[in-house]
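Same order as they appear, the protein sequences are chains A and B.
With the first letter of the first sequence counted as 1, position 51 gets the number 50 in numbering that gives the first Met the number 0; the numbers rise by one all the way through.
With the first letter of the second sequence counted as 1, position 334 gets the number 333 in numbering that gives the first Met the number 0; the numbers rise by one all the way through.
Take the hints with a grain of salt, since some may be wrong.
The list cannot tell twin chains apart, which means a pair is met if one copy fits it or any two copies do.
Subject to a maximum C-alpha distance of 20 angstroms in a straight line, what follows is the list of computed EDC-like cross-link-like pairs (lysine to aspartate or glutamate) [what the hints assert, rightly or not]:
hint, residue 1, residue 2
1, Lys173, Glu428
2, Lys51, Asp15
3, Lys173, Asp426
4, Lys295, Asp340
5, Lys145, Glu254
6, Lys173, Glu211
7, Lys330, Glu211
8, Lys180, Asp426
9, Lys128, Glu415
10, Lys145, Glu10
11, Lys92, Asp15
12, Lys180, Glu170
13, Lys149, Glu254
14, Lys96, Asp365
15, Lys375, Glu283
16, Lys391, Asp38
17, Lys69, Glu419
18, Lys180, Glu428
19, Lys149, Asp7
20, Lys134, Asp151
21, Lys128, Asp151
22, Lys92, Glu415
23, Lys128, Glu283
Simulated from the structure, these hints should not be mistaken for lab results.
Since this is a predicted model, take the numbers as computed values, not measurements.
2 protein chains.
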Amino acid sequence: MNRTLILDCIEKTGEDVKICGFVQTKRDHGKITFIDIVDRSGQIQVVLGGGKGAGLHPQDVVCITGKVNKRPENLVNKNIPTGEIEIYSEEIKVLSKAAELPFDMGGKDLDLQLPTLLDYRSLTLRHPKIKDIFKVQSAILEGFRKACLKRDCIEIIVPTIAASSTEGGAEVFKVDYYGHKAFMTQSPQLYKQMLIPVFERVFTIAHAYRAEPSVTTRHLSETTQMDCEFGFVDFQDLLNLLEEIAVEMLTFVQEKYPHILEEFKVSKLATGKIPRLRLREAQEIIFKEFKRDNRKEKDLTPQDEVDICKWALEKHNSDFVTITHFPMMAKPFYTHPDPQDPQYSLSYDLLFRGTEILSGSQRINDFEMLAQSIQKRGMDPKDFEMYLQAFKYGMPPEGGFSYGMERLTKLLLGLENIREASLYPRDMERVDVRLSKKE
Amino acid sequence: MNRTLILDCIEKTGEDVKICGFVQTKRDHGKITFIDIVDRSGQIQVVLGGGKGAGLHPQDVVCITGKVNKRPENLVNKNIPTGEIEIYSEEIKVLSKAAELPFDMGGKDLDLQLPTLLDYRSLTLRHPKIKDIFKVQSAILEGFRKACLKRDCIEIIVPTIAASSTEGGAEVFKVDYYGHKAFMTQSPQLYKQMLIPVFERVFTIAHAYRAEPSVTTRHLSETTQMDCEFGFVDFQDLLNLLEEIAVEMLTFVQEKYPHILEEFKVSKLATGKIPRLRLREAQEIIFKEFKRDNRKEKDLTPQDEVDICKWALEKHNSDFVTITHFPMMAKPFYTHPDPQDPQYSLSYDLLFRGTEILSGSQRINDFEMLAQSIQKRGMDPKDFEMYLQAFKYGMPPEGGFSYGMERLTKLLLGLENIREASLYPRDMERVDVRLSKKE
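Make the full structure from the sequences, and use the hints.
Below is the structure:
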């Protein structure tokens with residue numbers, strides 16, 4: 000008999016089916032055992048007769064053949080799509096036995112401390128609510144790509160090994176490259192710019208590496224960036240693009256997995272017109288409304304971000320707020336200064352529900368000005384030979400932005416730690432197993 | 000005036016438009032200059048009057064305002080979509096000046112030796128025919144994803160930094176990871192398997208690193224793999240899946256960019272039923288039809304691959320041929336032996352027009368057997384702790400496969416060197432600039 004996906008059993012009441020999946024939970028009642036089976040499509044209750052449930056354990060992999068029955072009215076489970084049916088079976092085949100679990104996985108939530116959650120990552124990811132985090136993440140990726148393709152962007156794959164530390168400053172991972180010194184790229188930034196004269200509009204899903212020796216709830220050593228870059232655009236075009244893409248991407252997620260967002264108690268996107276504030280305007284609002292004077296700071300503080308988002312939701316019914324014109328010296332060398340007021344830059348962050356999820360800028364597209372900007376930061380234009388080549392032979396006005404995939408996932412689902420938003424997170428203390436175990 | 004994309008000018012005959020793009024070629028005729036302008040949508044001829052063409056150079060970035068005219072019948076260019084029109088203008092704005100080009104970029108082909116092609120990569124990628132290689136590559140990615148999503152695969156992002164050399168054997172790049180030794184992953188293989196109990200079906204576009212000290216037309220140090228993995232499948236299911244996905248992916252490319260495939264003189268896909276041969280059967284055919292006795296070899300030779308594809312096209316009208324049952328010892332530790340004949344494995348390659356583009360296998364899903372297989376290869380199961388954890392707690396029968404993105408691009412377009420199929424290729428001698436320049 001061919002396998003039927005669990006969700007498809009809904010259409011097969013009264014028929015015999017074979018389902019295959021993992022034992023999620025098990026309740027023995029003498030000769031009868033109730034087990035919940037999950038496969039990629041859903042979960043279903045199986046009533047195992049004939050003593051066939053003996054010896055079964057959670058996470059055992061099984062195929063079960065039996066009849067799909069309607070449940071009695073008073074036993075309907077309204078929380079799952081298959082809640083009106085169950086399968087009665089006396090025929091079970093165990094494909095793979097699971098070892099005894101180190102903790103209970105049957106609850107609605109998996110209440111574990113982070114170190115345990117990660118020590119058993121290959122197991123804990125199977126918990127339905129943990130798994131759902133990454134279904135949402137895959138929808139974020141899909142929504143991002145759809146929004147980019149719709150706007151004529153070409154997908155590019157850019158290298159992660161580079162000859163020089165791309166943006167200076169932050170710490171980088173060193174690679175032994177055939178006896179030469181090389182680095183893991185801190186972002187796809189320079190490559191996406193170099194490809195503007197080729198494709199005019201590009202996007203990439205890229206790995207980015209930061210060797211920051213920080214153990215916080217916000218830092219990962221290896222992250223995923225969703226980057227776009229656009230040629231022949233001005234600052235207003237860029238603001239429109241980043242806001243439209245953010246809203247389209249998150250609306251796609253909301254429409255694809257409404258029940259997961261509900262499960263995580265996430266409210267519907269508030270998509271009023273997104274307010275755009277210069278940094279100084281935002282700080283003025285913080286000063287007036289929240290009585291903190293940060294008007295001379297070069298960036299919003301974490302509490303400022305929370306508060307200005309609160310303000311945006313109240314006054315503009317928007318979960319987003321765009322902050323522009325950060326001071327030039329707080330931004331990387333390729334950031335375009337504001338011609339009206341060159342100590343500020345044509346840069347922007349997008350905040351979402353209390354945290355920045357995107358940053359970017361219009362870029363310097365003039366070759367001479369760019370080389371000078373590199374020099375002014377104490378770097379050597381010779382280390383940027385291939386990058387500068389793209390500007391030497393003609394570069395249109397251009398700019399772009401970058402969303403942090405893990406950060407966006409964390410924020411959307413209200414997770415406490417960014418490690419929960421990475422399948423196998425990399426940090427100072429862990430590469431799957433704890434590094435201390437290795438010494 | 001708002002910008003009009005070049006391709007949209009076709010609908011605007013008689014109207015005034017503003018186009019923006021790069022000067023591709025320029026021909027002076029006294030006060031009149033003919034220039035070809037390209038943007039992301041296409042190419043168009045502009046007739047510049049009033050001496051405005053003086054001082055213009057190829058790759059200058061310009062905006063031009065003028066009137067769209069029908070060309071005289073005898074001057075229609077049938078090779079481009081805009082061949083029936085041209086723009087007459089006396090108003091040009093230069094957005095960015097290009098330096099003088101080191102070689103002519105105006106020809107239909109860019110006849111450069113590989114080192115020059117790569118030394119000037121940020122420039123040479125702009126040549127229309129080089130650019131088209133990567134449009135096709137982006138369509139390969141899109142086609143692959145569509146085929147995976149259609150089959151319920153969840154997209155996963157897996158780490159590239161690992162604590163142990165994943166598959167033994169081939170050389171790996173070492174990373175200094177906060178003072179610990181770590182490696183760049185040779186493939187996403189182990190992670191995609193670990194995620195089968197979570198999602199049942201997964202796919203990923205992943206970077207893979209090989210520190211092989213080889214300078215051939217087939218080797219890159221950093222490549223892109225398109226990987227899938229499926230749970231609850233048997234060997235026949237896997238063969239069906241890999242063949243269906245390959246055909247869907249390449250059909251998508253063929254339908255998206257027919258004119259590029261024509262430009263590269265690529266024939267239409269021959270999609271007769273794909274022949275499936277065991278390695279030994281394929282070698283028997285090679286022996287009988289091509290008189291080479293390789294019947295004891297553990298793999299097909301490059302010439303065998305060419306010949307068996309010739310055979311498949313002639314006898315089965317198929318551009319593909321699937322080879323199965325490679326000797327067990329020629330395959331990685333996770334490969335499932337054939338229960339009927341355990342010295343052979345449940346493995347497969349897919350050949351396309353003369354070269355392997357995919358390999359994969361059914362995997363060992365039994366925890367004990369897998370740990371033993373690791374040990375038998377002289378490796379330590381302790382180094383695979385997180386990987387083995389996925390099997391310890393129940394793993395269904397599973398398998399998968401991996402397409403090499405650059406190799407597939409090279410093969411589809413008939414490129415000579417795999418470096419031509421990577422935007423910024425990484426090899427022993429080069430990280431954008433030549434490594435010899437650094438010492």
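Status of the hints after comparison with the structure:
Taking the closest pair of Cα atoms, Lys173 and Glu428 come within 20 angstroms of each other both inside a single copy (18 angstroms) and across two copies (18 angstroms). Within a single copy, Lys51 and Asp15 get their C-alpha atoms as close as 18 angstroms, which meets the 20 angstroms cut-off; across copies the closest is 80 angstroms, which misses it. In this assembly of identical chains, Lys173 and Asp426 lie within 20 angstroms of each other by CA distance both inside one copy and across copies; the values are 16 angstroms within and 17 angstroms between. For the homomeric pair Lys295 and Asp340, the shortest alpha-carbon distance inside one copy (16 angstroms) is at most 20 angstroms, but the shortest distance between copies (75 angstroms) is not.
For a Cα distance limit of 20 angstroms, the shortest separation of Lys145 from Glu254 qualifies both inside one copy, at 14 angstroms, and across copies, at 19 angstroms. In this assembly of identical chains, the alpha carbons of Lys173 and Glu211 lie at most 20 angstroms apart whether taken from the same copy (13 angstroms) or from different copies (19 angstroms). Taking the shortest Cα distances, Lys330 and Glu211 sit within 20 angstroms of each other inside one copy (18 angstroms), while across copies they are farther apart (39 angstroms). In this assembly of identical chains, Lys180 and Asp426 lie within 20 angstroms of each other by CA distance solely across copies; the values are 14 angstroms between and 22 angstroms within a copy.
In this assembly of identical chains, the alpha carbons of Lys128 and Glu415 lie at most 20 angstroms apart only when taken from the same copy (14 angstroms versus 49 angstroms across copies). Taking the shortest Cα distances, Lys145 and Glu10 never come within 20 angstroms of each other, neither inside one copy (32 angstroms) nor across copies (27 angstroms). Taking the shortest Cα distances, Lys92 and Asp15 sit within 20 angstroms of each other inside one copy (16 angstroms), while across copies they are farther apart (73 angstroms). Taking the shortest alpha-carbon separations for Lys180 and Glu170, both the intra-copy value of 15 angstroms and the inter-copy value of 17 angstroms come in at or below 20 angstroms.
Taking the closest pair of Cα atoms, Lys149 and Glu254 come within 20 angstroms of each other both inside a single copy (18 angstroms) and across two copies (18 angstroms). Taking the shortest Cα distances, Lys96 and Asp365 sit within 20 angstroms of each other only across copies (9 angstroms), while inside one copy they are farther apart (64 angstroms). In this assembly of identical chains, Lys375 and Glu283 lie within 20 angstroms of each other by CA distance neither inside one copy nor across copies; the values are 31 angstroms within and 68 angstroms between. Within a single copy, Lys391 and Asp38 get their C-alpha atoms only as close as 55 angstroms, which misses the 20 angstroms cut-off; across copies the closest is 18 angstroms, which meets it.
Taking the shortest alpha-carbon separations for Lys69 and Glu419, neither the intra-copy value of 38 angstroms nor the inter-copy value of 60 angstroms comes in at or below 20 angstroms. Taking identical chains as interchangeable, the C-alpha atoms of Lys180 and Glu428 lie at most 20 angstroms apart only when they sit on different chains, with a minimum of 13 angstroms there against 24 angstroms within one chain. Taking identical chains as interchangeable, the C-alpha atoms of Lys149 and Asp7 lie at most 20 angstroms apart only when they sit on different chains, with a minimum of 16 angstroms there against 33 angstroms within one chain. Taking the shortest alpha-carbon separations for Lys134 and Asp151, only the inter-copy value of 11 angstroms comes in at or below 20 angstroms, while the best intra-copy value is 26 angstroms.
Taking the shortest Cα distances, Lys128 and Asp151 sit within 20 angstroms of each other only across copies (19 angstroms), while inside one copy they are farther apart (36 angstroms). Taking identical chains as interchangeable, the C-alpha atoms of Lys92 and Glu415 are never at most 20 angstroms apart, the minima being 40 angstroms within one chain and 52 angstroms between chains. In this assembly of identical chains, Lys128 and Glu283 lie within 20 angstroms of each other by CA distance neither inside one copy nor across copies; the values are 41 angstroms within and 53 angstroms between.
Comparing the model with each numbered hint stated earlier shows that hints 10, 15, 17, 22, 23 do not hold.
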